[in-house]
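The residues making up each chain are set out below.
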Amino acid sequence: MEFKLAQIAKLIDGQLIGDENIKITNLHGLENALSGSLSFLSNPKYKKHIYTTKASAVIVNEQFNADAKVPCALIKVKDPYLSFTILLDYYVKLKVKQKVGIEQPCHIATSATLGSEIYAGAFSYIGENVSIGNNVKIYPQVYIGDNSQIGDHSILYSGVKVYAETIIGKHCTIQAGAVLGSDGFGFAPQDDGSYKTIPQIGNVILEDHVDVGANTTIDCGTFESTIIRRGVKIDNLIQLAHNTEIGENTVIAAQAGISGSTKVGKNCIIGGQAGLVGHITLADNTKIQAQSGITKNSKEGQALYGSPALTYNNYVRSYTIFKRLPELLKQVELLEEKILNLHQGKHDS
Amino acid sequence: MEFKLAQIAKLIDGQLIGDENIKITNLHGLENALSGSLSFLSNPKYKKHIYTTKASAVIVNEQFNADAKVPCALIKVKDPYLSFTILLDYYVKLKVKQKVGIEQPCHIATSATLGSEIYAGAFSYIGENVSIGNNVKIYPQVYIGDNSQIGDHSILYSGVKVYAETIIGKHCTIQAGAVLGSDGFGFAPQDDGSYKTIPQIGNVILEDHVDVGANTTIDCGTFESTIIRRGVKIDNLIQLAHNTEIGENTVIAAQAGISGSTKVGKNCIIGGQAGLVGHITLADNTKIQAQSGITKNSKEGQALYGSPALTYNNYVRSYTIFKRLPELLKQVELLEEKILNLHQGKHDS
Amino acid sequence: MEFKLAQIAKLIDGQLIGDENIKITNLHGLENALSGSLSFLSNPKYKKHIYTTKASAVIVNEQFNADAKVPCALIKVKDPYLSFTILLDYYVKLKVKQKVGIEQPCHIATSATLGSEIYAGAFSYIGENVSIGNNVKIYPQVYIGDNSQIGDHSILYSGVKVYAETIIGKHCTIQAGAVLGSDGFGFAPQDDGSYKTIPQIGNVILEDHVDVGANTTIDCGTFESTIIRRGVKIDNLIQLAHNTEIGENTVIAAQAGISGSTKVGKNCIIGGQAGLVGHITLADNTKIQAQSGITKNSKEGQALYGSPALTYNNYVRSYTIFKRLPELLKQVELLEEKILNLHQGKHDS
Chain G
1 MEFKLAQIAK
11 LIDGQLIGDE
21 NIKITNLHGL
31 ENALSGSLSF
41 LSNPKYKKHI
51 YTTKASAVIV
61 NEQFNADAKV
71 PCALIKVKDP
81 YLSFTILLDY
91 YVKLKVKQKV
101 GIEQPCHIAT
111 SATLGSEIYA
121 GAFSYIGENV
131 SIGNNVKIYP
141 QVYIGDNSQI
151 GDHSILYSGV
161 KVYAETIIGK
171 HCTIQAGAVL
181 GSDGFGFAPQ
191 DDGSYKTIPQ
201 IGNVILEDHV
211 DVGANTTIDC
221 GTFESTIIRR
231 GVKIDNLIQL
241 AHNTEIGENT
251 VIAAQAGISG
261 STKVGKNCII
271 GGQAGLVGHI
281 TLADNTKIQA
291 QSGITKNSKE
301 GQALYGSPAL
311 TYNNYVRSYT
321 IFKRLPELLK
331 QVELLEEKIL
341 NLHQGKHDS
Chain B
1 MEFKLAQIAK
11 LIDGQLIGDE
21 NIKITNLHGL
31 ENALSGSLSF
41 LSNPKYKKHI
51 YTTKASAVIV
61 NEQFNADAKV
71 PCALIKVKDP
81 YLSFTILLDY
91 YVKLKVKQKV
101 GIEQPCHIAT
111 SATLGSEIYA
121 GAFSYIGENV
131 SIGNNVKIYP
141 QVYIGDNSQI
151 GDHSILYSGV
161 KVYAETIIGK
171 HCTIQAGAVL
181 GSDGFGFAPQ
191 DDGSYKTIPQ
201 IGNVILEDHV
211 DVGANTTIDC
221 GTFESTIIRR
231 GVKIDNLIQL
241 AHNTEIGENT
251 VIAAQAGISG
261 STKVGKNCII
271 GGQAGLVGHI
281 TLADNTKIQA
291 QSGITKNSKE
301 GQALYGSPAL
311 TYNNYVRSYT
321 IFKRLPELLK
331 QVELLEEKIL
341 NLHQGKHDS
Chain Y
1 MEFKLAQIAK
11 LIDGQLIGDE
21 NIKITNLHGL
31 ENALSGSLSF
41 LSNPKYKKHI
51 YTTKASAVIV
61 NEQFNADAKV
71 PCALIKVKDP
81 YLSFTILLDY
91 YVKLKVKQKV
101 GIEQPCHIAT
111 SATLGSEIYA
121 GAFSYIGENV
131 SIGNNVKIYP
141 QVYIGDNSQI
151 GDHSILYSGV
161 KVYAETIIGK
171 HCTIQAGAVL
181 GSDGFGFAPQ
191 DDGSYKTIPQ
201 IGNVILEDHV
211 DVGANTTIDC
221 GTFESTIIRR
231 GVKIDNLIQL
241 AHNTEIGENT
251 VIAAQAGISG
261 STKVGKNCII
271 GGQAGLVGHI
281 TLADNTKIQA
291 QSGITKNSKE
301 GQALYGSPAL
311 TYNNYVRSYT
321 IFKRLPELLK
331 QVELLEEKIL
341 NLHQGKHDS
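Protein chains in written order, with this note's numbering: chain G, 1 to 349; chain B, 1 to 349; chain Y, 1 to 349.
None of these hints come from the bench; they were simulated from the model.
Here the structure is a predicted model, which is why all the values come from computation and not from measurement.
It cannot be assumed that every hint is accurate.
Here are the computed distance ranges between Cβ atoms for each label pair [said to hold, decoys possible]: (1) B/Lys296 / G/Thr113: 52 to 60 angstroms; (2) B/Ala109 / Y/Thr110: 27 to 35 angstroms; (3) Y/Gly101 / G/Glu2: 32 to 40 angstroms; (4) B/Ala6 / G/Lys296: 55 to 63 angstroms; (5) Y/Glu128 / B/Gln190: 35 to 43 angstroms; (6) G/Asp192 / Y/Thr113: 57 to 65 angstroms; (7) G/Lys45 / B/Pro326: 51 to 59 angstroms; (8) G/Thr110 / B/Glu20: 30 to 38 angstroms; (9) Y/Thr113 / G/Ser42: 36 to 44 angstroms.
Calculated cross-link-like contacts (lysine-lysine; reagent style BS3-like; alpha-carbon spacing at most 27 angstroms) [claimed, not checked]: (10) Y/Lys54 / G/Lys263; (11) B/Lys287 / G/Lys296; (12) B/Lys296 / B/Lys263; (13) B/Lys99 / G/Lys196.
Note that beta-carbon positions come from the ideal geometry of N, C-alpha and C, so glycine has one too.
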């Protein structure tokens, strides 16, 4: 994409100092900028870089005063970082908007209903009775099983797999390779040591504004629903097992795993590679440190750490001593020696 | 799908109390049931919910006596939960049966052989000399590399990737996005610090009744086979490295990882996010606690826990004291003080 | 594939003892070999197996002297293992070479440029302005987003997803289901507890000779690049977050995760399931033990272990005492008792 500097200054309501016809083709940090880059200066400690940047233009604070010659055009605004993110937003929306229409070949069941301004990439598959909202973007090689619903303005990147009966809300973004609605892991042990698969006929429900990361897997409920509430943000390679429920605005970092039927409250933060056992409940605002193993219900606002997890402070205190266990052992051995001496009446001092 | 209540009562050999023409369109728990739902009451502690349920019909024990007016039809049977799972099974099999035929476009090599009643979804790919058994269901966007074999009644959900030469037994179910036969991670260090890739020409063998979870990866053997024995159940996002062998009826929970050439015995249970180093052997019936790190061979029936793992009991005992290390440190410091006092002849009591 | 023994002996410059017309159809270890197998004997401790092997031919050391009748043909060479890997290499390259041409249907944008001798499998997708080098192999159902570049001799296995703007070097191998360029996990907290997605417009750059494992995910930079340097080897199910940079010839084992903006030096080894927090720097030659949690910068050549990680030796020393904490507690309790006795003037010996 290509923009003229005048266009950009107008978009962020900034004061342009320089040639309004300069062409901007990319956005970059000050240090890595190239010719054609637009950059920004927000933190004063990076001010020195503005005198050597290769950027064609830089967004600066309206109070900005150059101490030396600046090699680029400037756009002065109130909050350079905010203005920059406004441009990022604008750029991303433009890119997404460009994708529109049905690429062939693509499989759309005749019973499916499609909204306006949708994109369906080549080799995507839309099953029977699927309902697709307005402005939904379905990238190539996406699979949407029968009877599923996708709300307005949602984006499914390449290779997303949506099992039958899944419900996805509005403004959801699902990154490539994510799987929604795979069978839960349920098996009844038999007398001969083998396992009988328990049929999984529930589904997955994503409310509005949910983001799901690449290659993350969310299992369907056994016969009810696995539910991801409004505003939940889920990173890459995460496992959410059958019948889990994740509360509003909870954030889960990469490679965390949540076992079956566990309920997570609102506004929780779950660190990367953390694991939660099944059938427990995290209260609202619980914070789980990365790599922790949660085996019990939590209390509102609790911070947890360790495997199995203690409260954050307890774990840190214990681990501080763990680090110096060899010294503690020596202290004890020294005491043993001293007491032996005392017993023998030989004071060593 | 839609069933009449009379049909359902007949399927589970139950006594119907209510209108046999009621239409059932879904299965749900008592509390979440809707009009059209069939539910069940198994645990007496949920009995109260039957008086307020929105379900159209509920399966109850043959001894069930209502204490008040029940707002739904009833089907009386010996074991309500068992009857419910029979219906689940029936429903799932019906759903799978419905998928039959070859959807176009789909790539089937002329040298491939196909069994009867198979389903091959649009955009699926079946390579040279592939052999597909009877009643196999291949969902859209599945890839099956050259010379692979898929046994009767196996299901490969959307986006499963099967490398060339893979052998999949009968009654296997592979969830979406799973990868079978990717190259093992083998590299020979070179003098200049770089690595040379060691070619991986082995394959993956799944025996009968193996279930593989979504986005799980199973690497091929270097030049022999990675083998998953009969009845093994593998959850989502699991890594099984080259030349691993998993014994009959072993169950592996999500996000566990098993390194190269490690052999796991029969009837083992491996918890979520556990990791096993390479070239070790787990004896039959070994139990690995979630998040544990296994670095050594195990003995039959051993339970292991921790990273690196100890026996389950040892880890729990040590961790119990870990939790109170700050107090232990204080105890030791107090002792030091007391002994100092003793040395100085000043008894503090 | 099928080779005559004479061909094979010639390829590895070996002395053939046996029928030069024997047909070799597979490569196997001595114990698992079948009729048609070629095997090798390198380690003298396996010599006994050569008298009972079912292999049709075995590569042996030129000094090899049979103590009894050998049931197979022999090829004598200087270094049997090296010769065997030369054959593996040859075999793999032959297999890859066979894949050539464009299978239909496949989506290739008219603005894309394609090198010579490429393979593009059915249902693969090559977007606008994509540039594909010579001898690149793109397996079925691969997605390559707009403006991406793939260097000569690279292989993308089935189902790989490459977001727009990604740059892949020469001689890279990407296993099935890997995702390159998914959106980084960045969200700005809002006053109402919800999160606003921070647009991610950067890309992923893979230099030459990079290997990426199955279902691994590499996020794009926020507005710069996530960079994987020359010769890096990345196993399956790994998460590399936005703006990470991995130094030359670093090796990362399965299921490890690296958080945003972290820089890893050259020639590092990162164990399986290890996790690194964001915004830290690992010096060259750092070694991370499996399952460790790295929270701080490392020094060159450091070995780290534990969660949070200590130096390798510190962790091992502390964990050795952790294992015997129950005994340490008893030692302390015994001391308390003894001191109590001393205080009371009752020496217990």
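A quick look at each hint next to the structure:
For the pair B/Lys296 and G/Thr113, the beta carbons lie near 58 angstroms from each other, so the given range of 52 to 60 angstroms is met. Take B/Ala109 and Y/Thr110: their Cβ atoms lie about 28 angstroms apart, and the range 27 to 35 angstroms holds. Range check, Y/Gly101 to G/Glu2: about 36 angstroms between beta-carbon atoms, so the 32 to 40 angstroms window is met. Distance hint for B/Ala6 and G/Lys296: a CB-CB separation of about 47 angstroms, inconsistent with the stated range 55 to 63 angstroms.
With their beta carbons about 39 angstroms apart, Y/Glu128 and B/Gln190 fall inside the hinted range of 35 to 43 angstroms. Under the hint 57 to 65 angstroms, the C-beta atoms of G/Asp192 and Y/Thr113, about 60 angstroms apart, fit the expected range. Separated by about 40 angstroms at the C-beta atoms, G/Lys45 and B/Pro326 break the suggested range of 51 to 59 angstroms. Distance hint check: the CB atoms of G/Thr110 and B/Glu20 are about 34 angstroms apart, consistent with the given range 30 to 38 angstroms.
Between Y/Thr113 and G/Ser42 the beta carbon distance is about 39 angstroms. The supplied range of 36 to 44 angstroms therefore holds. Only pairs whose Cα atoms come within 27 angstroms are accepted, and Y/Lys54 paired with G/Lys263 is rejected, the gap being roughly 56 angstroms. In summary, the hint linking B/Lys287 to G/Lys296 is supported, as the alpha carbons are separated by about 21 angstroms, within the 27 angstroms threshold. Distance check on the hinted pair: B/Lys296 and B/Lys263 sit about 11 angstroms apart at the alpha-carbon level, within 27 angstroms; holds.
Of the supplied pair hints, the one linking B/Lys99 and G/Lys196 holds, its CA atoms being roughly 23 angstroms apart against a limit of 27 angstroms.
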